[in-house]
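Q: The primary structure of each chain is shown beneath.
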Amino acid sequence: MKVALFATCLTDTFFPSTARAVVRLLERLGCSVEFPLDQTCCGQMHFNTGYREHAKPLARKYTDVFQNYDYVVAPSGSCAGMVREIHPTLGTSPPRTFELAEFLVDVLGVTDVGAWFPHRVTYHPTCHSLRMLGVGDKPMALLRAVKGLDLVELPDSTHCCGFGGTFAVKNAETSTAMLADKMRCVLDTGAEVLSAGDNSCLMHIGGGLSRLRAGVRPVHLAEILASTEEDPWRATP
Amino acid sequence: MARNPVTWLGSPTFPKAAHKALADTQLRQNLRKATGTIRARRAAAVAEMTDWEMLRVAGEQIKDDVLARLDTLLVQLEESVTARGGVVHWARDAEEANRIVLDLCRAQNAAEVVKVKSMATAEIGLNEALEAGGVHAIETDLAELIVQLGDDRPSHILVPAIHRNRSEIREIFQRRMGVEVSDEPADLAEAARVYLREKFLTTKVAISGANFAVADTGSIVVLESEGNGRMCLTLPETLITVMGIEKLVPTWQDLEVFLQLLPRSSTAERMNPYTSVWTGVTPGDGPQQFHLVLIDNGRTQTLEDSIGRQALRCIRCSACLNVCPVYERTGGQSYGSVYPGPIGAILTPQLVGDMHDKQAASLPFASSLCGACFEVCPVRIDIPSVLTHLRAEVVEAKGRTAESVAMSAAAWIFASASRYEKAQKAGSLARFLAKDGKITSLPWPGSKWTSSRDVPAPPQESFRTWWRKNRG
Amino acid sequence: MASAREEILARIKAARVPPAAPVVRGYNRQGPSSVELFAERVADYRAIVHTVSGVPEFLTSLRGKRIVAPADVPAEWLVDGVTWLHEPLSIEELDQADGVLTGCAVAIADTGTIVLDGGEAQGRRALTLLPDYHLCVVRADQIAGSVPEALARLEPTRPLTFISGPSATSDIELNRVEGVHGPRTLEVLIVT
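Protein chains in written order, with this note's numbering: chain A, 1 to 237; chain B, 238 to 709; chain C, 710 to 901.
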């Protein structure tokens, strides 16, 4: 199965270990993964901030770059949501694009990906995965099948972390108040790792936890699922 | 044209108002408790309905039909109401509506009127206009009474005093009613009963809003809990109902959808304690003079917007407020309008109709676009989509700003992979700002981020660089 | 200058809203019209509910009270020992009564609601509003299963009052408290 990876600009630039983990994971599951180098950004920041006209050429570019692939996989619910739900309103017909957990469960039909991750983990189901894409319980099913992983339910998990793209800057104080409650819930679990399917939310919650020296590490779902006993996850420096 | 009183004169923009509200620990605690309670109760009330999604779809479709045939249905309503002995008035804006109501009160020589809670009359600032004209309006809904006696402003569509807890309500009642009362909710309710009883029994004119008006029968519908609505709708000699032109349903049958959607979405009950339905005047039962005032006040200009008009489907249940993470933390007064929360963020700027109005233009940005509002909306208003649509209008109205220049530059960079990669490499130099893999302080506007969160240091090599080296 | 009416109607026309899709009524139209469900749902609102085979036997509990009754309640309901108050009654007289006894037009099992329409054994709206106690008699055949079934049985141009439990409020901290302006005690007699 030929799959294109849409790394998303944020992960490509700031979190390359997540994109490398997606490649490793999908290849382990028998996919042939390609990364078209002409890809850039889905236009979500522009669209959500009110720069719809700037988002249009980026949507067209996305379709041009990925149109010859059967499947496009993104390690981000919000970017996959932008492509699937918003690009059609910008006059393009994007190729079939999936968030990682959806792709694994719905397209590949697996929940046990053979992963090993001996840590106490809690999971934040990001808003766009949950409500725009309807990913539902799939990430939890994947995590439950990971050997050695101690999964702790996150209280009020469906509440927004307060990121919201430029919202975090335009309404920084309200965003911080939301973040404070999310961090409290994360800390209440006693987890050492906070996972999510979106590096943007993880950057937000993780950035707050880091400021507090809370000792909880944000790790993208892909990196947990890519981790095996033979080749375990290691913190990138 | 006079300014639309749907926003309060002199209100700061949302971020400024939120700055103050977020620091109010009592407010934060009250909102956390109240919204948490109602969220859980609503979820339970909805969960027992196996056909909830079908009801939502029907609610959406009926309201869309109303908007598509609004002129015809309004004329039909006018005919039905008139045929049953009511008088219909039309008002283009708040000023015109207030003048009509004041004239009707004066015609009855009324110095005092009793009022049923109504968003339409709050939107047009009716109480203030009546007061200026020498007519005192007494709010009879418990929460409205708390707001009125506290010289306060509303902060919620259903429960305008949601920002007050029991001990604050007790203090207001003791001060303004001159009674000793405990902070037990039952005692507070009893105090309101005693305080208003005489007013109900003696006041000759009542003013109400309407939850629904049935076009083909002329029936007006008011849902309430306390019985203050029944008092106002039954005992006075004259009833004046003020409603927005969009509050119609085409037929009596259509009500079967909304009488299921509204109570469960708003108070999380299978049915609210009292619903009153009346059609014009009934000889020997209730007010013998009935006036219906239909107000536009920005609705027709909202109707022109193909995406924004769905805000007119709203049935004022306030479910979106109760689930909104922004509302829960800032409270309703931060929105500077009688319509707060997610629905306010899309309805208020459209009713104001001027994206150069800084306060109104700040409202569509008061959301993280988490989508919880859309999920609970009983008439399926896609609030996140309307928010981004209105943000685009604001950006257009603002013209060239530092932000728009930065956004254009970013779009130019993203339009080409090679420009993007160059920018990525230049940006990765920011890692030299980092200590222990994180950046703790950035210049403005990045400082808005680093005020409360660290930024990960950009890695030495981006994913695409790695891919090129290892797979390319 | 055009009137407000003409101007508003013209602006609506100018908005050119396209026709809407036909309404799909895929929701449940019918529900079980069971006495048990109705009784359970009424009781959920903290109303007092009794299922009885005859009304007069029950009414002895009203002895010594001043109870309002519409002129057309069945004669057998007007038991001895109760001071029955009949129309015409002033607002003050209604306010000072101990209670009111009525029938109803329709009841709804799904939501535990009673609907009055001013018809037989119900009187005008003020009668069931001012006394602090409302005793309402519901015949089993008056119970509709669902809200749609109940609305279909009603005549919308009559003055209607839907009652679901005693008066209540959610205005203090968004939690329900019973007893504000309307009758603080609602007692329902279901006659099977």
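Since the hints were made in silico from the structure, they are not lab data. What you are looking at is a predicted structure, and each value in this text was computed from that prediction instead of being measured. Each residue gets a CB set at the ideal place from its N, CA and C atoms; glycine is no exception. Some hints could be false.
Within a straight-line C-alpha distance of at most 20 Å, the following computed SDA-like cross-link-like pairs (lysine to any residue) qualify [unchecked claim]:
| no. | chain 1 | residue 1 | chain 2 | residue 2 |
| --- | --- | --- | --- | --- |
| 1 | A | Lys56 | B | Ile650 |
| 2 | B | Lys672 | A | Pro95 |
| 3 | B | Lys672 | A | Arg213 |
| 4 | C | Lys722 | B | Asp330 |
| 5 | C | Lys722 | B | Gly545 |
| 6 | B | Lys659 | B | Gln697 |
| 7 | B | Lys436 | C | Leu746 |
| 8 | B | Lys436 | C | Glu801 |
| 9 | B | Lys595 | B | Ala344 |
| 10 | A | Lys2 | B | Arg705 |
| 11 | B | Lys635 | A | Ser17 |
| 12 | B | Lys675 | B | Ser688 |
| 13 | A | Lys2 | B | Asn707 |
| 14 | A | Lys2 | B | Arg708 |
| 15 | B | Lys635 | B | Asp594 |
| 16 | A | Lys56 | B | His626 |
| 17 | B | Lys672 | A | Arg211 |
| 18 | B | Lys675 | A | Ser17 |
| 19 | B | Lys662 | A | Thr236 |
| 20 | A | Lys56 | A | Pro95 |
| 21 | C | Lys722 | B | Ser543 |
If you want the footprint, here are the derived chain B segments under chain A, 3+ residues with CB under 8 Å [claimed, not checked]:
| no. | segment |
| --- | --- |
| 22 | 252-260 |
| 23 | 439-449 |
| 24 | 560-570 |
| 25 | 651-664 |
Listed next, with one range per pair, are the computed distances between beta-carbon atoms [stated by the list, open to error]:
| no. | chain 1 | residue 1 | chain 2 | residue 2 | range |
| --- | --- | --- | --- | --- | --- |
| 26 | A | Pro155 | B | Glu285 | 51 to 61 Å |
| 27 | C | Lys774 | B | Ala260 | 50 to 60 Å |
| 28 | C | Glu745 | B | Ala260 | 32 to 42 Å |
| 29 | B | Gly415 | C | Ala849 | 48 to 58 Å |
| 30 | B | Ala663 | A | Leu37 | 13 to 23 Å |
| 31 | C | Gly735 | A | Ser93 | 49 to 59 Å |
| 32 | C | Thr901 | B | Ala281 | 54 to 64 Å |
| 33 | C | Gly735 | B | Pro680 | 47 to 57 Å |
Q: Take the hints in turn and mark each one as holding or not.
A: So, going through the hints one by one against the coordinates:
{"no.": "1", "hint": "A:Lys56 / B:Ile650", "in the structure": "holds (14 Å)"}
{"no.": "2", "hint": "B:Lys672 / A:Pro95", "in the structure": "violated (41 Å)"}
{"no.": "3", "hint": "B:Lys672 / A:Arg213", "in the structure": "holds (14 Å)"}
{"no.": "4", "hint": "C:Lys722 / B:Asp330", "in the structure": "holds (18 Å)"}
{"no.": "5", "hint": "C:Lys722 / B:Gly545", "in the structure": "holds (17 Å)"}
{"no.": "6", "hint": "B:Lys659 / B:Gln697", "in the structure": "holds (14 Å)"}
{"no.": "7", "hint": "B:Lys436 / C:Leu746", "in the structure": "violated (39 Å)"}
{"no.": "8", "hint": "B:Lys436 / C:Glu801", "in the structure": "holds (13 Å)"}
{"no.": "9", "hint": "B:Lys595 / B:Ala344", "in the structure": "violated (40 Å)"}
{"no.": "10", "hint": "A:Lys2 / B:Arg705", "in the structure": "holds (19 Å)"}
{"no.": "11", "hint": "B:Lys635 / A:Ser17", "in the structure": "violated (40 Å)"}
{"no.": "12", "hint": "B:Lys675 / B:Ser688", "in the structure": "holds (14 Å)"}
{"no.": "13", "hint": "A:Lys2 / B:Asn707", "in the structure": "holds (19 Å)"}
{"no.": "14", "hint": "A:Lys2 / B:Arg708", "in the structure": "holds (15 Å)"}
{"no.": "15", "hint": "B:Lys635 / B:Asp594", "in the structure": "holds (10 Å)"}
{"no.": "16", "hint": "A:Lys56 / B:His626", "in the structure": "holds (14 Å)"}
{"no.": "17", "hint": "B:Lys672 / A:Arg211", "in the structure": "holds (13 Å)"}
{"no.": "18", "hint": "B:Lys675 / A:Ser17", "in the structure": "holds (16 Å)"}
{"no.": "19", "hint": "B:Lys662 / A:Thr236", "in the structure": "holds (19 Å)"}
{"no.": "20", "hint": "A:Lys56 / A:Pro95", "in the structure": "holds (16 Å)"}
{"no.": "21", "hint": "C:Lys722 / B:Ser543", "in the structure": "holds (14 Å)"}
{"no.": "22", "hint": "252-260", "in the structure": "holds (count 4)"}
{"no.": "23", "hint": "439-449", "in the structure": "violated (count 0)"}
{"no.": "24", "hint": "560-570", "in the structure": "holds (count 4)"}
{"no.": "25", "hint": "651-664", "in the structure": "holds (count 7)"}
{"no.": "26", "hint": "A:Pro155 / B:Glu285: 51 to 61 Å", "in the structure": "violated (24 Å)"}
{"no.": "27", "hint": "C:Lys774 / B:Ala260: 50 to 60 Å", "in the structure": "holds (56 Å)"}
{"no.": "28", "hint": "C:Glu745 / B:Ala260: 32 to 42 Å", "in the structure": "violated (53 Å)"}
{"no.": "29", "hint": "B:Gly415 / C:Ala849: 48 to 58 Å", "in the structure": "holds (50 Å)"}
{"no.": "30", "hint": "B:Ala663 / A:Leu37: 13 to 23 Å", "in the structure": "holds (18 Å)"}
{"no.": "31", "hint": "C:Gly735 / A:Ser93: 49 to 59 Å", "in the structure": "violated (30 Å)"}
{"no.": "32", "hint": "C:Thr901 / B:Ala281: 54 to 64 Å", "in the structure": "violated (30 Å)"}
{"no.": "33", "hint": "C:Gly735 / B:Pro680: 47 to 57 Å", "in the structure": "holds (56 Å)"}
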